[in-house]
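Trainee: On the provided structure of chain A, position chains B, C and D as indicated by the hints.
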Amino acid sequence: MSEPVLKVRDLSVVLERNGRDFPVLDGVTFDIAPGEVLGLVGESGAGKSMTGIAIIDLLVPPLRRTSGTIALSGERLDQLSAKRMRRVRGKRIGFVFQDPMTSLNPVLSIGRQLTDTMRRHLPLTRGEARERAIAWLTRVGLANPPRVFAAAPHELSGGQRQRIVIALALCAEPDLLIADEPTTALDVSVQAHMLTLLRELHEETGTAMMLITHDLGVIAKMADRVAVFYAGRVIETAPTGRLIGAPLHPYTAGLMQATPAPDADGAMRVRAIPGAMPGIGALPPGCAFHPRCERAQAICREERPPLADAGGHDAACYFPLVEEVVS
Amino acid sequence: MSLDDVLILNAVSKAYGGRASMIEKAFGRRPKGLQAVREVSFTIRKGEVMGLVGESGCGKSTIARMAAGLLAPTGGEIGRNAAMREQMIFQDPFSSLNPRWRVRDIVAEPIRTHRLRPKKAIDERVAELLRQVGLSPEDGAKFPQAFSGGQRQRISIARALAGEPDFLILDEPTSALDVSVQAQILDLLRGFQAELHLTSLFITHNLPVVRLMADRIGVVYLGELVELAPTETIFHRPRHPYTRLLIDAAPDLDATDRSLHPIPGDLPDPSDPPSGCVFRTRCPFANERCAAERPELRTVETGQVRCHYDLDLSQRAAA
Amino acid sequence: MIAHTTERILQTVLVLLAISFIAFLLVATLGDPLTSLLPPDASIADRQDLIMRLGLDEPLLTRFLHFLNGMLHGDFGISYRTQDDIGPMIATRLPATIELAFASLLVTLFVGVPLGILCGVRPNGIISRGVMLVSIAGITLPNFVVGVLLIAIFSVHLGWFPSFGRGDTVQIGGWTTGLLTLSGWRAIILPAITLAAFQVTFVIRMLRTQLLEVGQSEHIRFARARGLSERRIWSTYAMRNALLPTITMLALQLGNVIAFSVVTEGVFAWPGIGSLFLQSIQAADVPVIAIYLIFVGAIFMIINLVVELIYPLVDPRLKRSGA
Amino acid sequence: MRGLAEAFRGRPGPIVAATLIVLLVVYAFVLPLVTADPFSMSGMSILDAFSPPIWMDGGQATMPFGADDQGRNLITAMAYGLRTSIMVGAISVVIGLVIGGALGLVAGFVGGRTDAIIMRLADVQLAYPALLLAMVIDGIATAILGRGRSNEMAIAIVIVSIGIAFWVQYARTIRSSVMVERDQDYVAAARVTGRSNTAILIQHILPNVMAPVLVIATINLGIAIITEATLSFLGIGIPPTYPSLGSLIRNGNNFLQSGEWWISVFPCLLLVALVVAVNVLGDHLRDHFNPKIRGRT
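Chains as they are written, first to last, in our numbering: chain A, 1066 to 1392; chain B, 5 to 323; chain C, 13 to 335; chain D, 7 to 303.
Extracted from the complex, chain A is given alone in its bound form (with noise of 0.2 Å):
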């Protein structure tokens, strides 16, 4: 196997709150291969977002990384000074937003944001600055190009800035892209339009991605593998199909029964997990899930699973569903 693009070890942010430290990621490990799709899945507030910010070095007060290596092709990027950080950040890690509303500057055009970024990173003049971002907002699919190039944010649609994001994103050419909930602020419609972008644009650039999503159908057409999180550490990851068709952990398994669906006879069903997930600084000891868990057993309170290394497709529990198939 080659080198991985993207190799994060035992990641950890806490959160500083009267003077203590409550972690919000513990231990957070994965790879990503070159040209893969990786999907974080999870909760809102179990850890996912938080990790790809902290990989492109983002956090702010309160939050701070306390452990963890994140090596970009072997890159140790932990260890690099905020200066060449910034030289990472939109040349070799892209990132794309969540709300394509916000994630403009309202008073700067579509092309000077654009030129902008591609000037800060590559050697160009202003005019072939110009003419590559009227090409990219061609590949993106929008139409009239240098007319979106002269106008401002508020101007275009939802569908048609977050477009514009994913092209800010990877105008510079980056070897990973980190798409953050890229279709939630979306419609159904527009969010299959999104999906289908992003799908070519990796297909053609090969950049390799990491989806951030809670929206396990999102996972099951674009990711290649998954990581699921939960109360801030990753708790299974395996390939998409095999974590589909054959979840080991019990809160993987909770999270698609939870998604309505019909069954194998068309009847709709829904199966809640009870509880919820714990808060900042609420975890309880040993597994983060034992107390919403059928199978929890005294070891379950007591100690913490580690992700146990099982031929890829690993999940951080002492009782896993190994052969059951849910449906």
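Mixed in with the good hints, there may be bad ones.
What the hints assert, rightly or not - List time: in silico DMTMM-like cross-link candidates among lysine to aspartate or glutamate, alpha-carbon distance up to 20 Å:
| hint | chain 1 | residue 1 | chain 2 | residue 2 |
| --- | --- | --- | --- | --- |
| 1 | A | K1148 | C | E242 |
| 2 | A | K1156 | A | D1240 |
| 3 | A | K1072 | A | D1091 |
| 4 | A | K1072 | A | D1374 |
| 5 | A | K1156 | C | D87 |
| 6 | B | K50 | B | D273 |
Said to hold, decoys possible - Label-pair ranges, simulated between beta-carbon atoms:
| hint | chain 1 | residue 1 | chain 2 | residue 2 | range |
| --- | --- | --- | --- | --- | --- |
| 7 | B | H118 | C | I34 | 48 to 54 Å |
| 8 | B | E297 | C | I314 | 52 to 58 Å |
| 9 | A | R1369 | B | A87 | 56 to 62 Å |
| 10 | B | E236 | A | A1208 | 38 to 44 Å |
| 11 | C | V25 | B | A87 | 50 to 56 Å |
| 12 | D | P213 | B | E128 | 25 to 31 Å |
| 13 | A | T1270 | B | L257 | 23 to 29 Å |
| 14 | B | A296 | C | T221 | 55 to 61 Å |
| 15 | D | A205 | B | H201 | 28 to 34 Å |
| 16 | B | H118 | D | A279 | 52 to 58 Å |
| 17 | B | T303 | C | T221 | 55 to 61 Å |
| 18 | B | R320 | A | R1336 | 39 to 45 Å |
As the list claims (entries may be wrong) - Far from chain C by the CB rule (all over 12 Å, computed), these chain A residues:
| hint | residue |
| --- | --- |
| 19 | D1164 |
| 20 | R1191 |
| 21 | P1304 |
| 22 | A1329 |
By construction, these hints were calculated from the structure, which means they are not laboratory data.
All values derive from a computational prediction rather than experimental measurement.
C-beta: ideal position from N, C-alpha, C; glycine also.
Mentor: Relative to chain A, chains B, C and D alone:
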């Protein structure tokens, strides 16, 4: 209005804006209004759950607010029994509870308003309702700020049940919630549905959710009701192209078929809707007739559809 | 857009007419011009003559039209207190007020803007915290107290600057300026600081709040995530968003500047229209008060209008929402 | 009450400010009960005229802050002046609040034409800063009522002038808060339940707009006190023969040049202390009640 009809909407429309300014009046110009809802008709029968689906800005929430009597229609009429008790559950769990009221007063308000219980029995009733929605009676002494989004929706449900409504309106009740919390709320609602046989209007943009909850579903596009049919008919034999495309657009959990099915084109400007059929600009079957003539809402078998043609849409179109 | 502009201009004119009418009513109903303007031993004929001359026998609306017409031709009426024409009274005092306002604007720009930017970009720095602490005083201290304390320290105790007047002035055409003499410059410093105290703190706090808000916005986070340099982010991406509302708010604070100029001119016996207004209030000189009201109202409404009409040209967000 | 106690926990600035306000109020309302009015003949002693503060040569223990040109003991005169300033400020805030609050509540809740009329009126008034307006109203009242008015009349005129000059701000604040609350879903829920407009306005909306009203009333108390002091200082408001902080400073200002600085500077400092304390408290209350900062966590 038959005894079994709880609410009748007859060609109901709602237009916004369009107040002429001084100058516009002087020049005799007509201001551009926004037609949020256009000639929507349907009837909700006693004991059924009617669902409305559509994308944001399609007018479904406006319909809900008109059904609740919060907005007056600018055209058509809404028939309802004057003595009918209504309740509503809202999308935003934060703004739907008065932050200065204790939970027990919030839940008791409909009981007091409609004098549903003698004064002495109110506390007992509130405690019972809080237990029913999965909270404890002690929670009644707290203010809404002490609760999470999911718990707040439970309080909203308790308040709605307290009013012993003849008709319940749910406007995106789970859209602000995470999947696992959504499942809990849907479970709770389904339980009450089965137990109390509530008549309700359930509004959402989420197709699996409406499929789970509703007996009949209305599909709304650009202010118009384009299709109305029993739930399983909508999903197995949709008759409007928009319904078909909407069903296909949402990614399902099947990781073996990775095809995506975007609806072609963009949503038109709602203040300047297309001529004829509102969906024709994005419809794969559209022809000249669709641009020239606005289709009627036709009754077909068990449902109604606003399309000129009888299309076979039971299969997903090829990707 | 054009319809909108015309409508706003019409509205402004209407409000100005309303203000003028109220001011006119004050003149017409309050005080008795005959006893104010005529000597006590004036004859019936003299009285009759004055009534005719002032048009006091005509209907109210006609008199209002005369009043408006007079104003358009530079005839603002006669002061009860000094019996002079109000127009020249204002004209001779206007330069002093304008120079004072200009000097305080300079102080605001050269002190307020840099400090505001500093406090917004480095909110936790030692200097920023100090500036914010001092600015509490600036925003709460009454204008006249600032003046009195400045006089107590810099003119009485230290004797650096004069405590009243404009110093030596030079006449250039119709304009009397104090900015060409050393004593004129020394005289304007304390009043200018007094008048600027409020604006400076206002600009600092406003810029700081705006920059802090913009600094936390999603688009700045996105700009950082694209690797743009901090210098570029603050100087272009954040500053443009922060400056517009600050400038607008500052323009809308003009009314307060006018009010404070009255106080400042009172404290420093500055011979501008503020102290004229003050003397008129003390003497219940209604015609001058009325003209001053119209004058201030007109300035405020016009600035408001200009800001509102120019804003869309500067802020692309509003380009199309006007119509 | 518990909410109020919680509002101050761990915040030294506001605690100091609140304590200072309590002390100043005690000073202003208790000292005049036990001392002769320095503005009556019995309260002055011309022999003590220009007596300096206690730490300067010739200072007297009975006059720690010195005496003014008429031999009034400044510590007593300032208590009387402070009492006038606090009362004028408070009553004018109440007047502005009653007028503006009622109009704002109605404008925000009823909307439509009523709202338009009230707000156009407010717009015209907003062309003038409140301070200037208070000056004009005071000046016009003087023109109507004539020069020879009594001290009590002068105080009443100042109170009304400031009250009227500030109603717009209350009206606008309350109107916009009402409009925000009016569109909240909890109001819609109450409507669907069948509550009447009056019940919704009083039981649902009013409790939610009280916080911003309290905040703006506190902040405006400071501004009203400043306005009174400014008017009196400029010789428009309260006459120099009656004690208020502004009239004391105005009187002292005559002797600033000749070196008797304490006659104006001490009332100045007292005014500053009062206003800064009120403002710190107001700022704190504003932050405390700001839903952007608090709440949804």
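Trainee: For each hint, tell me whether it holds in the structure or not.
Mentor: Hint check:
no.: 1; hint: A/K1148 - C/E242; result: holds (10 Å)
no.: 2; hint: A/K1156 - A/D1240; result: holds (8 Å)
no.: 3; hint: A/K1072 - A/D1091; result: holds (16 Å)
no.: 4; hint: A/K1072 - A/D1374; result: holds (16 Å)
no.: 5; hint: A/K1156 - C/D87; result: violated (69 Å)
no.: 6; hint: B/K50 - B/D273; result: violated (37 Å)
no.: 7; hint: B/H118 - C/I34: 48 to 54 Å; result: holds (52 Å)
no.: 8; hint: B/E297 - C/I314: 52 to 58 Å; result: holds (54 Å)
no.: 9; hint: A/R1369 - B/A87: 56 to 62 Å; result: holds (59 Å)
no.: 10; hint: B/E236 - A/A1208: 38 to 44 Å; result: holds (39 Å)
no.: 11; hint: C/V25 - B/A87: 50 to 56 Å; result: holds (55 Å)
no.: 12; hint: D/P213 - B/E128: 25 to 31 Å; result: holds (26 Å)
no.: 13; hint: A/T1270 - B/L257: 23 to 29 Å; result: holds (28 Å)
no.: 14; hint: B/A296 - C/T221: 55 to 61 Å; result: holds (56 Å)
no.: 15; hint: D/A205 - B/H201: 28 to 34 Å; result: holds (31 Å)
no.: 16; hint: B/H118 - D/A279: 52 to 58 Å; result: holds (56 Å)
no.: 17; hint: B/T303 - C/T221: 55 to 61 Å; result: holds (60 Å)
no.: 18; hint: B/R320 - A/R1336: 39 to 45 Å; result: violated (27 Å)
no.: 19; hint: D1164; result: violated (6 Å)
no.: 20; hint: R1191; result: holds (15 Å)
no.: 21; hint: P1304; result: holds (29 Å)
no.: 22; hint: A1329; result: holds (43 Å)
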